[in-house]
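A.B. asks: Once you've looked at the hints, go ahead and assemble the two chains, each given alone in its own frame, into the complex.
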Amino acid sequence: MTDGSSDRDRLQAILDSLPLFIGFVDEDGRILMVNRVPPAAMGVEPADLVGKLATELEPWNHLPETQEAWEGHLKHAARGETVRFDAKLKLPGGFRILDMIMSPVPASEGASEVVAAGSDVTERRRIEEDLRRSEEGLARAQRMARMGSWEQELPDGPIRRSAEMCRLLSLSESERSLEPEELLERVHPEDRDRVAELLKSAKERHEPYAVEYRLGRPDGSIRHVREHAEVVPANDHATESLVVTVQDVSEFAEAQQRLEKSLAEKEVLLQEIHHRVKNNLQVVSSLLALQAMDIDDATISQPLAESQRRVQAMAHIHELMYQSEDLTRIDFEEYVHRLRSAVHLDGRGVVELEAEVSTPPLAIDVAVPCGLIASELVTNAYRHAFPDGREGTIRVELATDADDWVLAVEDDGVGVSPELLDGKAQGGLGLRLVRALARQLHGELRIETGDWTTFEVRFRPPLG
Amino acid sequence: MNDREGDTSSPTVLVVEDEAVIALALEGVLQREGFRIVAVVSRGETALEIAERERPDVVLMDIRLTGAVDGVTAGETIHGWGIPVVYLSAHSDRETAERIERAGAAAHLTKPCSPLLLARTLRSVLSTRRAGRGAGND
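One line per chain: the protein sequences are A and B, in this order. According to my numbering, the first sequence is numbered sequentially starting from 36. According to my numbering, the second sequence is numbered sequentially starting from 2.
Only chain B is shown next, with the shape it has when bound in the complex (with noise of 0.2 Å):
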């Protein structure tokens, strides 16, 4: 992960998104924003392992993965452990909503989602988790 941009006060994401060209585009795009990118997984099951591992401020996820755990699976483990999700993903049919506002989604944008949407919304949910932890260590 040395590789990637981003200093260490930099907020970190985790992005897992199965299109290799779309999740180079999000990486570029979040770059520039000023995030620190940790990886980039295309599996539901990578996704969990390196999540558990790096400790990201924020997941970026897609529903659709390659693989046998989806996006909204993973995304619920991840939430488990106090880590925000943030989900990407085409229009959902209401099922798939549904189940992506019971595993605890932080937020849920739509893609194409726009740069500056993007960002606005990862830097939102990383200060109400701030704000969540100030007032709990009060």
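Chain A extracted, bound-state conformation (with noise of 0.2 Å):
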């Protein structure tokens, strides 16, 4: 340091080197020295700028609250404070924002004076605001999802819960880092040691989850909610960090319990329908039966056990209905095999009746026509097929061919009369209740005869 005037210039060459906006004023605010960057902002020279007040330019006179937070925080440098303050200049390429720190500098005879250094941190205050936006859009979405998250850098990072989640959980502030394990204690019991399990598996083997369980909270109410987990690589990709999500599902979880209820309720109505048409159908059958108790004339009775055992047959559908898994389709196997019990042949020899049905379980529209075709049928070869004694096979097949559905009654029985295959004889009531039941189902009958008669309904079975 050899003289004052070298100083200057090395001290000017120092600010220069700055990228800062630095100026020495009076504490009235007039320049008394500049570094480059202020008037290369401006596209004007030092020398312009020297001598002036700081408010008699642009820049600083053309926001009014610019202006006066520049003249503000001057007094309070002046008395010898350092101020720091974010100030929007207007500079001919646009606004800047600069981060300003104003300190007092010691001058001599007693006056003030002020140095001011800014830094310009547009960008950095633009990319605070997009974040702080995000942050405010992400707190919006997660308060409208009702949806938390919290995360923390894998082994044992502080944990940090998003204000959805502190609410969620009604943390107060100083709970509002404890630790997960330290909150087990708000999931139900039941549902504890499972959170507990796939927490610990997360936390050891950065193993993801997804769970549903039910927080109890500090009012006493129950709240669902569906928790998912994942690790993801930290900030500086040599960690990893543990990020879950957590959302309240209460309204959905309860709307599906008054739906699981619905049909609950639902099915136990659907089963009792059936379990009173079929009441009713047995009563009919029996009133049948009290009516055939008074006749001895067998052409009048057997008609009516006739008619008893038709409505049997039906009585059986929806017997089977109710006993169903679901309520609306019967397996016709096990049909076939109550029908044993349901064709009365006591004091025959012996005559197996086989079942073979290799479709889905049948709905009620083709239920009925089908239980009703086997039940002719079957009685039909039980009480023609075997006479005198003669033992033999009875088998009920309904299996699918292609689009269709075959439904066949088999006897190796004596075999039946020509007229009755060549269409000449109509055959009895039972008979002509098969054709009309083929019809309703879109088929027809056919009868074949050789070792076994058979008896064959084919057709298409409703769509669904």
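Be careful, since some hints might not be right.
Between beta-carbon pairs, the in silico distance windows are [as the list claims (entries may be wrong)]:
1. A:Glu220 / B:Gly105: 45 to 55 Å
2. B:Arg95 / A:Ile308: 20 to 30 Å
3. B:Gly81 / A:Arg261: 49 to 59 Å
4. A:Arg467 / B:Gly105: 42 to 52 Å
5. A:Ile257 / B:Trp82: 48 to 58 Å
6. B:Arg95 / A:Glu208: 54 to 64 Å
Hints in this document: simulated from the structure, not taken from any laboratory. Here a beta-carbon is modelled for each residue, glycine too, at the ideal position from N, C-alpha and C.
C.D. replies: So this is what it looks like as structure tokens:
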């Protein structure tokens, strides 16, 4: 340090080398000295600025709030304080935001000088603003979706919970960064072990999980939540973070429960209806039986007994309906087995009844005609194919053949008359019923005889 | 009960069935087959009361009844008094079938049941019981 002039040159060189807006002003704000940044930004020479009040220049007087900020902070700095503020300056290239620091500088003869240094933080402030908005948006989205989140850098970084997460758990400010293990007692006792186990395996083995459980809140209410956890690379990619979202799905869970309850009620109702229909049909059957009891004339009592059997055949369908899994379809094989007790064969030779069903369970619109057809044909075979104690087999088959279903009743009894085969004879009421029911199924009855006599109805099952 | 048919040597049956028409048909069949009906009741509670008082030779029991006591519950108690119980029900689910078995059913018939099978089953239950008693007396 030799003389003042040289010091000043050195100072100027130092200041010019800094990427900051730097100026010395007196206590009124008159510019004593600037580095190269302000005049360069304004497109003027340093000499154009020296001697002027800052507030005479457009950057500082274009916006009233900028001018006020300058004047206000300058007073404090001139009194000996260091102040810091953001100032929005109008420059030829557009507005720039400076992070300003003003500090008092000891000057000769008791006069105050102030050094003002500003760093251009326009980009940073924009990024900060974007970030703030993004965080605000995320918080809003979490609030709207009732979804909280938290994360932790593994293995034991601090817990960071979103505002919604704290709200969901009713966490106070002091509880905000409690370890998740410390909050397990808020999980419903029946769910606690499961959640604890998943949390442990996520932390120790970095395994993701999804779980639904119940949360008890301090007010005694219960919330159903759905939790997802993933382990993702942390910011530096050297470590990993556990990221967990927790969504309040109580409303869905409650709606689901209402739906299930309503479905269960409907099932009970449906079951009750099938049960009542079955009972009523059995009552009708009993009425016919009562009527037949007083009649000695077989030409009258026999048709009554037949009617009774047909009513029973329908009762069986409804019985199987209310005993079936979904209350809408019956297992036809089971139906055929039950036919055995429905067709009364006391005192006859041994006739086996076999069933082979390869179709899916039958809906009621197919089950009733198929059931009645099988009942008629099996009864018919029992009655006519095995006279004089002849023994044999009756086989009921329901099978698919391409898009068709084929219902066949076969017996190895005595065979049928040629008139029945070539259609010259109509057969009794039983066969007339079978033909009518076959038409109801949009099918047709075919009769064949050989070693076995086959009655076959081929039809297209309704869709669904 | 005096208005009912059958002489005093006929085996006696208590019919428990809540569907009146079905009960009537059962009554008709059993009378024709030579049984004496001590009563036809539709409630489990009444069945217990009458079985205790009348001591029928056998009880024909439905499962679903009017009132709080169902057929199996009533039947179990009646079985405990040494009166055989024959169940006559719709095809039962497994749980009910197991309950019936545990309740000491003498037989379990499925509705609809032919008059012949019904009569044959009741007679066979009664003869087994007589044989059992005879053996017990020796």
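A.B. asks: Of the numbered hints stated previously, which ones are contradicted by the structure, given in increasing order?
C.D. replies: none
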